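Trainee: Residue numbers (the working numbering), protein chains in the order written: chain A, 1 to 390; chain B, 391 to 780.
In short, the hints are calculated from the structure, not lab data. Where hints are given, some of them may not hold.
Some but not every residue of chain B turned toward chain A, in silico, with C-beta under 7 Å [what the hints assert, rightly or not]: (1) 396; (2) 431; (3) 454; (4) 457; (5) 505; (6) 518; (7) 525; (8) 527; (9) 615; (10) 642; (11) 643; (12) 686.
In this text, all values refer to a predicted model and were calculated from it rather than measured experimentally. All residues carry an ideal CB built from backbone N, CA and C; glycine is no exception.
Chain by chain, the residues:
Number of protein chains: 2
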Amino acid sequence: MRKQPAERNTHISSFYVMELLRRAKLLEAQGVDVIHMEIGEPDFPTPPTLVDAALKHIQTGEVKYTPAAGLPELRIKIAGFYQQRYGVTIDEHRIFVTPGASGAFLLALGVSLNPNEELLMADPCYPCNSNVATLLGCKTKTIPVAADTDYQLTAKHIKDHWTGATQGVLIASPSNPTGTLISPEELKQAIDTVDKLGGCFYSDEIYHGLVYDNQATTALEFSDEVFVINSFSKYFGMTGWRIGWLIVPEAFIEATEKLAQNIYIATSTASQYAALAAFDENTLTELENRRAEFAARRDFLYDNLLRLGFEIPVKPAGAFYIYVNCKKFTDDSHQFALDFLEAEGVAITPGLDFGSHEAHHSLRFAYTTSIAKMTVAMQRLERFINRESL
Amino acid sequence: MRKQPAERNTHISSFYVMELLRRAKLLEAQGVDVIHMEIGEPDFPTPPTLVDAALKHIQTGEVKYTPAAGLPELRIKIAGFYQQRYGVTIDEHRIFVTPGASGAFLLALGVSLNPNEELLMADPCYPCNSNVATLLGCKTKTIPVAADTDYQLTAKHIKDHWTGATQGVLIASPSNPTGTLISPEELKQAIDTVDKLGGCFYSDEIYHGLVYDNQATTALEFSDEVFVINSFSKYFGMTGWRIGWLIVPEAFIEATEKLAQNIYIATSTASQYAALAAFDENTLTELENRRAEFAARRDFLYDNLLRLGFEIPVKPAGAFYIYVNCKKFTDDSHQFALDFLEAEGVAITPGLDFGSHEAHHSLRFAYTTSIAKMTVAMQRLERFINRESL
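All chains should be built: construct the whole structure from the sequences, respecting the hints.
Mentor: As structure tokens, this is what we get:
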């Protein structure tokens, strides 16, 4: 029998944070009080309205396959949400309910990007997206981004890096790990540029809703020819339910439906019934309260990290991450994260998990934990850096 | 923007049955009493023990990501099931909980088969598997199989069709659409052959448990170097929960974990908590009762289809399908299925959905509906073929 994994797996990077997580669990098993600031998952439970909607359906026992594209009534509700929140009209047939944003991204690339075609994305960025491209035999080119463009790709980046092999551009706003947004003008220009170049534009909008200073803009405001990836995981608090959605251009509907049938049959039925309650007024009220709490945490963490001497050139406006430059303290942020965990029991994510550009000087702090816990974490961090700088 | 789907999508076949399903729904909306014998989904609800286990977890609201490989306690329970049911010992670290068997198959191929490498499979077979291979840039070669080998690939098939490009063999037992099993001897020889040829062996065991004459054999009885795909959908009645599992050889554990993290993060948490109750004695008792019911249905349908003049060269021993040769009535089974639906309101699946070998002479009947309904369906079928042959 074959004794080793297929070649593509050698190009799929591991997450450095996994090593940290394992160590954190070991420490916890030994009784250490570990504070988790590495986790990209809201600490809030799933809103009760969603839980109730799921329970009501599951109790019937009739948890059967749904259509591959999702429950028709859920697709209609998602379309209604775009109308209400963004004022854009989306034909619900362009909306596919997917097993998380991961499923949406696999579907989007699978339906639109050929092997060896290249996808442009920012560095730093969420690493799984590039690994999914690798799975499909597509190439990715990461473009170093910095504070001057809010860590977002611009039309100029796209034009400068576009080659004969390039066929797609991925923009994530709010961005993981930087929490920064692209401005509506920049987004429009980026879309127009890709449009003229004849490529595919993928807009990762999974942190929409979790925006604290100004509303995020959907790419659909500027074009019906873009792919939009979204999720019920983050704003709607449904991580473990594995449900997201993908919006495709009209011309891709048929192929997307076929591909969905083949690669995942359908999204979890209980999760879809839960999501039917996601846009109810009660749910949205609860989610807006949580958003206010996240905003307060963002401000708390931002102020404290600045106070301690970390550089944050752009105040993050969304998601639940702050990406700091730690070069004042170390040239090896990975080792810093390991040492900090060991010495103080606080887990954070090293920059290497998000690319290579300035990665050794970068750390991601997630404010997916309470201000009370972050207060302790900041005391520990202060002690740690004071000790290190002795 | 790009205006048309990526090239791979032109090689991904649509399901003919979808057209039938759409028409069936339209007829139902008009008040026609349609009997569904096209559906690969048990008509039983999810067993109450599983529903209760899910409810108990969901009620906490703490529906969070699990590890990518699945809940550790579920992996241990699956390992225990192999010990108890098959007498084989599997290290639970080789077991990955997946979003359905679809997720398992994508993971298995992704981790082991390179682009342009070729996978051998039977014709007829379940079509999604070949489409997933296409998604990854792998090739498939289907080998016509017939009654003489119970519609299963044999060691001889494998040797005869192996070329420099071949690197994998997929065997599904019980098979969809034929319901036939491979014998333990043939399975062992097939595995040994692939072993000697240095390829990968994939055993699709998703219909295990739904076997009526003799116990199905797992490929793991003969080798630790095979990939085994299984599912909670069929025997355990959990279709809409989207949960299955994959067992990989030791050398592939690390790459599989990495790939799982990247392509789906984790399987639905509620589904995993439900599955924790799948191996309880109460659940298994209920499932064995259902199996007895399926066995009675199989016998009923088999006898009736033979009586009406359809050829069934091998009595199917498992799954919930009977694959008949209908050449006595038509040379175009697809048209036959469309006409039968139109005239009599019974939906069945045309052979074309499972390959090309004798597909125009083949139809799949699913006994995922009660004997009462099948009694009516058989009356309608009798009337239909008598009218057609006038």
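Trainee: For every hint, state whether the structure bears it out.
Mentor: Status of each hint after checking the structure:
The interface hint given for residue 396 of chain B holds, since its Cβ lies 5 Å from the closest Cβ of chain A, which is under the 7 Å cut-off. With a cut of 7 Å, the hint placing residue 431 of chain B at the interface with chain A holds, because the nearest CB-to-CB distance is about 6 Å. Against a cut-off of 7 Å between C-beta atoms, the interface hint on residue 454 of chain B holds, since the closest Cβ of chain A lies about 5 Å away. With a least beta-carbon distance of about 9 Å to chain A, the hint placing residue 457 of chain B at the interface is violated under the 7 Å criterion.
At its closest, the beta carbon of residue 505 of chain B sits 5 Å from a beta carbon of chain A; the interface hint therefore holds under the 7 Å criterion. About 5 Å separates the beta-carbon of residue 518 of chain B from the nearest beta-carbon of chain A, less than 7 Å, and the hint is met. Here the hint on residue 525 of chain B is kept, as its CB sits about 6 Å from the closest CB of chain A, short of 7 Å. Interface hint status for residue 527 of chain B: upheld, as the beta-carbon distance to the closest one in chain A is roughly 5 Å, under 7 Å.
Interface hint at residue 615 of chain B: satisfied, since its Cβ lies 4 Å from the closest Cβ of chain A, which is below the 7 Å cut-off. Checking residue 642 of chain B against chain A by beta carbon gives a least distance of about 6 Å; that is within 7 Å, so the hint holds. Among the interface hints, the one on residue 643 of chain B is violated; its C-beta lies about 10 Å from the nearest C-beta in chain A, farther than the 7 Å criterion. Hint status for residue 686 of chain B relative to chain A: violated, with the closest Cβ pair at about 22 Å, above 7 Å.
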